[in-house]
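Colleague: Order-wise, the sequence lines are chains L and B. Residue numbers 1 to 802, in my numbering, belong to the letters of the first sequence in order. Residue numbers 1 to 160, in my numbering, belong to the letters of the second sequence in order.
FYI, nobody ran anything at the bench for these hints, they're computed from the structure. A couple of the hints might just be wrong.
With the C-beta cut set under 10 Å, the calculated list includes, among others, these residues of chain B facing chain L [claimed, not checked]:
hint, residue
1, E2
2, G5
3, D114
4, A117
5, T123
6, G130
7, R137
8, V142
On a predicted model such as this, the values are computed, not experimentally measured, just so you know. Even glycine gets a Cβ: it sits at the ideal position worked out from N, Cα and C.
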Amino acid sequence: MSSQAAGAADVARPGIVGARVQRREDPRLLTGRGAYVDDRKADGTVHVAFCRSDRAHARIARIDTAEARQAPGVLGVFTAGDIDAVARPIRATSNMPDYRATELEPLARTKVRYVGEPVVAVVAENRYLAEDAAGLVSVDYDPLPGVTDPESALEDRALLHDEAGTNIIAAREFARGDVDGAMADAAIIVEDRFRIRRKTPSAIENRTCLAEFEAGRQALTLHASTQVPGLLRDALAEIFDLPGRRLRVVAPDVGGGFGAKASLYPEEVVVCALTMRLGRPVKWTSDRMEDLTATTQAFDEIVRAKLALEPDGRIVALDADVIGDVGAYSIYPWTASLEPVQVVSFLPGPYRVQNYRGRVRAVATSKAPMGPYRGVGRPISTFVMERLVDMAARRLAMDPAELRARNLVRDDEFPYKSGSGIVWDRSGFQECLSSALDRFGYAQRRTEQAAARNEGRLVGIGIASYAELTGIGSRISAAPGMPINTGTERATIEIDSTGAVTAAFGIASHGQGLETTLAQIVAEELGVRVEDVEIIHGDSAAVPHSTGTYASRSTVLAGGAATLSARALRKQAIEAASYILEAADTDIEMRDGIISVAGTDSSITLRELARAFYSEMRRIPKEARESLELSASATYDPFFGTTTGATHVAEVEIDPQTFGVTVRNYVVAEDCGRIVNPMIVDGQVHGGVAQGIGAALYEEVIHDENGQILTGSFVDYVVPSAAEIPDMAVIHLETESPSTLGGYRGMGEGGTIGAPAAIANAVADALSACNAQINELPITPDRLFRLIRDVEPREGESKNET
Amino acid sequence: MERIGITLTVNGAAYERSVEPRRLLSDFLRDDLRLTGTHVGCEHGVCGACTVLLDGDSVRSCLTFAVQCDGASVRTVEGLGEIGALDPLQESFRKHHALQCGFCTPGMLMTAMDLLAKYPLSTDDEIREGLSGNLCRCTGYVNIVNAIREAAGARGTDKA
Numbered sequence: 001m002s003s004q005a006a007g008a009a010d011v012a013r014p015g016i017v018g019a020r021v022q023r024r025e026d027p028r029l030l031t032g033r034g035a036y037v038d039d040r041k042a043d044g045t046v047h048v049a050f051c052r053s054d055r056a057h058a059r060i061a062r063i064d065t066a067e068a069r070q071a072p073g074v075l076g077v078f079t080a081g082d083i084d085a086v087a088r089p090i091r092a093t094s095n096m097p098d099y100r101a102t103e104l105e106p107l108a109r110t111k112v113r114y115v116g117e118p119v120v121a122v123v124a125e126n127r128y129l130a131e132d133a134a135g136l137v138s139v140d141y142d143p144l145p146g147v148t149d150p151e152s153a154l155e156d157r158a159l160l161h162d163e164a165g166t167n168i169i170a171a172r173e174f175a176r177g178d179v180d181g182a183m184a185d186a187a188i189i190v191e192d193r194f195r196i197r198r199k200t201p202s203a204i205e206n207r208t209c210l211a212e213f214e215a216g217r218q219a220l221t222l223h224a225s226t227q228v229p230g231l232l233r234d235a236l237a238e239i240f241d242l243p244g245r246r247l248r249v250v251a252p253d254v255g256g257g258f259g260a261k262a263s264l265y266p267e268e269v270v271v272c273a274l275t276m277r278l279g280r281p282v283k284w285t286s287d288r289m290e291d292l293t294a295t296t297q298a299f300d301e302i303v304r305a306k307l308a309l310e311p312d313g314r315i316v317a318l319d320a321d322v323i324g325d326v327g328a329y330s331i332y333p334w335t336a337s338l339e340p341v342q343v344v345s346f347l348p349g350p351y352r353v354q355n356y357r358g359r360v361r362a363v364a365t366s367k368a369p370m371g372p373y374r375g376v377g378r379p380i381s382t383f384v385m386e387r388l389v390d391m392a393a394r395r396l397a398m399d400p401a402e403l404r405a406r407n408l409v410r411d412d413e414f415p416y417k418s419g420s421g422i423v424w425d426r427s428g429f430q431e432c433l434s435s436a437l438d439r440f441g442y443a444q445r446r447t448e449q450a451a452a453r454n455e456g457r458l459v460g461i462g463i464a465s466y467a468e469l470t471g472i473g474s475r476i477s478a479a480p481g482m483p484i485n486t487g488t489e490r491a492t493i494e495i496d497s498t499g500a501v502t503a504a505f506g507i508a509s510h511g512q513g514l515e516t517t518l519a520q521i522v523a524e525e526l527g528v529r530v531e532d533v534e535i536i537h538g539d540s541a542a543v544p545h546s547t548g549t550y551a552s553r554s555t556v557l558a559g560g561a562a563t564l565s566a567r568a569l570r571k572q573a574i575e576a577a578s579y580i581l582e583a584a585d586t587d588i589e590m591r592d593g594i595i596s597v598a599g600t601d602s603s604i605t606l607r608e609l610a611r612a613f614y615s616e617m618r619r620i621p622k623e624a625r626e627s628l629e630l631s632a633s634a635t636y637d638p639f640f641g642t643t644t645g646a647t648h649v650a651e652v653e654i655d656p657q658t659f660g661v662t663v664r665n666y667v668v669a670e671d672c673g674r675i676v677n678p679m680i681v682d683g684q685v686h687g688g689v690a691q692g693i694g695a696a697l698y699e700e701v702i703h704d705e706n707g708q709i710l711t712g713s714f715v716d717y718v719v720p721s722a723a724e725i726p727d728m729a730v731i732h733l734e735t736e737s738p739s740t741l742g743g744y745r746g747m748g749e750g751g752t753i754g755a756p757a758a759i760a761n762a763v764a765d766a767l768s769a770c771n772a773q774i775n776e777l778p779i780t781p782d783r784l785f786r787l788i789r790d791v792e793p794r795e796g797e798s799k800n801e802t
Numbered sequence: 001m002e003r004i005g006i007t008l009t010v011n012g013a014a015y016e017r018s019v020e021p022r023r024l025l026s027d028f029l030r031d032d033l034r035l036t037g038t039h040v041g042c043e044h045g046v047c048g049a050c051t052v053l054l055d056g057d058s059v060r061s062c063l064t065f066a067v068q069c070d071g072a073s074v075r076t077v078e079g080l081g082e083i084g085a086l087d088p089l090q091e092s093f094r095k096h097h098a099l100q101c102g103f104c105t106p107g108m109l110m111t112a113m114d115l116l117a118k119y120p121l122s123t124d125d126e127i128r129e130g131l132s133g134n135l136c137r138c139t140g141y142v143n144i145v146n147a148i149r150e151a152a153g154a155r156g157t158d159k160a
């Protein structure tokens, strides 16, 4: 190490961007010194417990709170009218045609629409007493007809929202070319009805919020375990009619989000309303049952799709009809259209599909609202398209890898406009496929698979290729027709009078390590050491406008803003230093926090510059001190965004006794552009794949026919543990620098997008001898048992041969 | 509600408190002692985020009453290393990027401390089996296994 240090000046400086820098967050998180919302102890804090609906669809007949009000430690028991008096209802608007907004009252007023919907808020001196008293509230309901099954709900026999006039609260169709003609002429058509069952993101930290009202300033501060502090600030400012300067939303350390913490929730409105009413800090900490019933859920679609191909394997047409079960309310700000519309937007995937028709209907049902979850729509679209591709390969007796290679968009075809109108910029679709197969040892493993099958083992290999849009700018909305801007991010970087560098962002890191990666970008662009940069994030007061961290946007958008502002600051710092170093700006460089005149030993540290600039008034002329600032702000808008592509390859084995599926091997090759920190990128892929494996094999929110939720604990909702997730290989390709500033592509969601399809194809491959159709996720042992039993009598493994 | 007096040791420090019989150890640690490093993820004993060592054995602090710990010795994540002087296991977690949001991490560390003290951990399967009572939603477990494997190996060297 010492020789490296000695020679540092004359060797090319290794990039800070691209290095495996250890995370800035880790020391505090490893020692129990993190600061999550529930760790915050404000003096005089009182706690809320919610009485939630135990009915899926019912009219509220009577609420009796008398006994609860008398319970020990109770400060008040509140119903809809108490909140409505100070807060406007939540309404997610959109200019999308055929969209119907549904009003969400923080506490249900006349009707409940899902099991878990908050009805009454009980406030007491501590959480134990609040829960005791909540148990004394009694609510009488008049039952209303169930709106549980999404296909039945389409018929509008019973309406969840009378004022909408229909349960279909969003609808859209994409079409290109002559689908019917191409289908009629095609050599083969494969088709199926696909079903992916409802998931819930299940961050290990349950949602928590703490509202504090400062009477002197008439200012409200909400600490919330949220991904979107700026978005909440703007929404709450509307709801409570408060100026932003007196409304601050802080997301401190946040224990995972995955989309679950990216929407405005009723509980957040309620704690704000109650702190203003009671004059004491009001906290709500969700328990896991509340999380599994009342946090937004996702991945709940029925897709009928067919794919037409020529004998050589060329895809000629794709036709799909999607029903999205979006639950009881259209969530703010994303609306109920978010996930189902993305299913049809992304269904053609990274393939050339000249003729495409995709129709989608979002149907309201009496379940928790659907919201964003890692991958949003694309895990479903990829599952469907990749199953169809494998089914077609089987029909054509072609290797599924070869069929993909023939249809993936080739390098000379970028930019490629997909069947739904998405434009893919150049990304390594073909390279991802070939690299993943190489690393997996595809040919060798196919040979081994054949041998295993001869022993009667059910071993399967599955491939999934996909593409996603990431880092999207202002030209494309994160959800169709939303009235808010999700296409820009802002950064402000300052050098203070001690020479310390602080960079403030509106994004909110909740596990992604953005305190580290953004510090790397600032350090590299500014010319300081990573450890010299302090990152402020997750605070609506840090920047005038921001939304937050979601949709694989923060490295691209905040990284771009960091780059622009660091470059502007560097220019000014060098100009200020030029007066002290008595040299031309062009001869001055800044590196590791030292500003020097090239080729000389004349230099000053950043700390000396700051002292000179702010305090030693004679060293820099007055005019320069007035015109320059050791501070710079910039906003970045990638305008369109960029393409991230990947291929996943999985190998599974089915236990013929238990019908459990074991994932034996897993390889991901992805093109995420320029990598800021390979360690963190690997980690994002690992975690995404694990959630995708959960979606494929284990996780399922189950409702009975009356809409009662049956998966209210982690015993019933099965999140995979270390014993279920394999080691995995991750290959990073940087095939072409995208148009984004810095060359970054977003990559936080991809693991979850590819894994369900790869696993489904691998399971189908393992069962190829018995022709079992894998068209429903998760593939639980129960489902697999029935599937195999229904395909053929249980005779045994001898039929499972090639 | 009636309170019961307890005395116990937490991370080497003695405490004498009176608590309601129903008070969970997790709430006692977090709210009464303000040791907020122990996190609560499910309150029904599945996720393992609240794992602490009770007289050397890993337990779910969300399924343990504070009164059960009368006379006992509890160790929490705050009883491992400190910022600037991490325990080797914590160092290994940092080196291998075995944490992302950090919420499950204290429970992972305490479970791993228990595993390292009791088991050979000579295979990844053994490590994964040992960790199967602790849920992590961020890391996919790959780097947690890597970190514990290295810590287990270093432990062997120490003993040799």
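Colleague: So, for every hint listed, does it hold in this structure?
Modeller: Tested hints:
no., hint, in the structure
1, E2, "violated, 13 Å"
2, G5, "violated, 19 Å"
3, D114, "violated, 15 Å"
4, A117, "violated, 19 Å"
5, T123, "violated, 12 Å"
6, G130, "holds, 8 Å"
7, R137, "holds, 5 Å"
8, V142, "holds, 4 Å"
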